[in-house]
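Asks: For reference, the chains in residue letters:
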Amino acid sequence: MSGEDRFVLCMLAPAFAILGLLVAYPVGLLVFDSFFKVDTITPHIREWVGLKNYIDALTSKRVAESALRTIQYSVFALFFEFAFGFCAALLFSALPGRSRWHRTVFTLPLMVPPIVAGLLWRFLLVGNIGILNYGLVHLGIITDPDAIAWLSDEDIVIYSVSFADIWLTTSFVALVSYAGLTNIPKDLLEAARIDGANAFNRFWHVTLPLMRPVIAVIVIVRAVDAAKTFDLIWIQTQGGPNHASEVFSMNIYQRMVRFGDLGEASASAALFLIVMMLLAAAAYWKIWRPAHA
Amino acid sequence: MRRARRFNINGILVNAAALVLVLSYALPYVYLLMTSIKPAADVQQIPPSFLPAVVSLENFREVLQSSALPKAFASSLTVAVLTTVLSLAVAVPAAYVATQYRRRITTLFLLFALVTRMVPSVSLGVPLFQLLKSLGLLDTIPGLVLAHTSAAVPLALLLMSAFFEGVPKELEEAARMDGCTRFQAFRKIVLPVMIGGIAVTALFTFITSWNEFLYALLLTSEATKTAPIVIAEYNSVYGLAWGAMTAAAVLYSLPVIVVTLALQKQIVGGLTFGAVKG
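These protein sequence lines are chains X and L, in that order.
Quick note on my numbering: the first sequence kicks off at 121 and runs consecutively.
Quick note on my numbering: the second sequence kicks off at 1110 and runs consecutively.
FYI, nobody ran anything at the bench for these hints, they're computed from the structure.
Check each hint, because a few of them may be wrong.
Stated by the list, open to error - Taking lysine-lysine pairs in the DSS-like style, the calculated list, with each CA pair at most 30 angstroms apart, reads:
1. K172(X) - K1242(L)
2. K1297(L) - K1374(L)
3. K306(X) - K157(X)
4. K157(X) - K172(X)
5. K1297(L) - K1278(L)
6. K1374(L) - K306(X)
7. K1242(L) - K157(X)
8. K1278(L) - K406(X)
9. K1374(L) - K1278(L)
10. K1180(L) - K1242(L)
Claimed, not checked - Computed footprint of chain L on chain X, listed as stretches where at least three residues anywhere in the stretch have a Cβ under 8 angstroms from a Cβ of chain L:
11. 168 to 179
12. 182 to 188
Fair warning: this is a prediction, and the values are worked out from it, not measured in the lab.
By construction, the Cβ of each residue, glycine as well, lies at the ideal position given by its N, Cα and C atoms.
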């Protein structure tokens, strides 16, 4: 081994050790536990059950519903974050040189801890004292402040709890998009203008294709984070009413903590991990790798 | 002349739209601030008012005089500082060799870090609970630091390698010519140059740990409860204590907001950088 190789290994070793102990080993433990019937309280008493936990998870109605809700939540949140954030970035870049304080104020939600964002939105939406409905009455959109029960209506709660997520991360989308927009060469847009392209055509045929990699990064990073969400929803509804806002991560938490079913919780957590790994692999091949090639 | 005028009207429209957008995003947090300085009795008045009729620090007094919140702040701060120190200590050297000495093992290593970023915390939380339980570290500061470090190291690795990519290899080579060993070159020449990037990474790691909720919920009970857990409890254990809750939420979020606004330029750079690279 050359001195250079030894140096590389020495520098990598502590991080390897930490990630091995705190990520790889627990993941191994997770997979191991998923094949046993085992309680959280008495983890040393275990009974081999093979794939039973996986079969139970895949055939459980409540698990399937929570998985579907995770998708509903992520798609809804992602759509609005992206729409608002991208429009904000376009607006900011249309303010030549003067968008600095706009961007500064706009980054504010990004600094707010998710738990505070969740509580704040619960406070804005809660029946009776939620100021949002009073605002809607003032604007003439609804007539009665009790008209929309954001957090207690089972049909809409999974969308209502995503408002906090949208509020919290639109600025992230806006900042990353803004950085992407400022990297588009001005002369390309100028050339299109000289060729007679109007504002919409310039956006559609020049800006959008050049922004494709940035958009892909935003969508993947945000989709993965939204799918992992726990705290924001937990603090607003704890998964209720009647499990109507119980997403996948919350379902796993409930089965482990409330029902103490470590084996089944592990099997679901392993399934969750596999899906997210596949997303990560897609992200790596589609985006990260080409940038380094 | 006509052109200039047209541009002005467009400019005003764009400005107005940007203003409306920015204000509507700032408004919820401003409402939180306003609520926290209302007398506790006014917080849940019907219909709600945006501005306080009387300014009162009652809510702040209540949360600071309770023993739960100051203690939780101390836990949060200790855990976040230790997590930051531990994560940077292992991530900075690794990110350095991963970007400056590219080979298969370092590429695989960065890929591993990228993949761990995608791991749902609940998936890691389930076995971490068991691991810490068997080590007797449940509800202890070291246990929580280890859990937070599992999430902080991949983040620090990706951010630091984005920063190290901008460092020319010649820097180290020049130091080697002057007789430094590889490690001396790293410690005496490269690290001082990177202090800005390290500071941004440290701040991000700190904020991530400060904001973390799920691990604290799973791995702590009474002894080491962190701030977000106590704040969340204002809403269940003590009934609907919205006044105290808003004051606690302001106290908990304001330091991070102030520091971030002060270091705005570096933070936003780091954030977009980290996101695009990671």
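Asks: If a hint holds in the structure, say so; if it does not, say that too.
Replies: Do the hints match the structure? See the list:
1. K172(X) - K1242(L): holds, 25 angstroms
2. K1297(L) - K1374(L): holds, 27 angstroms
3. K306(X) - K157(X): violated, 62 angstroms
4. K157(X) - K172(X): Since the Cα atoms of K157(X) and K172(X) sit roughly 9 angstroms apart, the hinted pair holds (cutoff 30 angstroms).
5. K1297(L) - K1278(L): This hinted pair holds, its Cα atoms lying about 15 angstroms apart.
6. K1374(L) - K306(X): holds, 23 angstroms
7. K1242(L) - K157(X): holds, 18 angstroms
8. K1278(L) - K406(X): holds, 28 angstroms
9. K1374(L) - K1278(L): Measuring from Cα to Cα gives roughly 26 angstroms; hence the hint holds.
10. K1180(L) - K1242(L): holds, 23 angstroms
11. 168 to 179: Check failed, 0 qualifying residues.
12. 182 to 188: Violated: only 0 residues of the region 182 to 188 of chain X have a Cβ under 8 angstroms from chain L.
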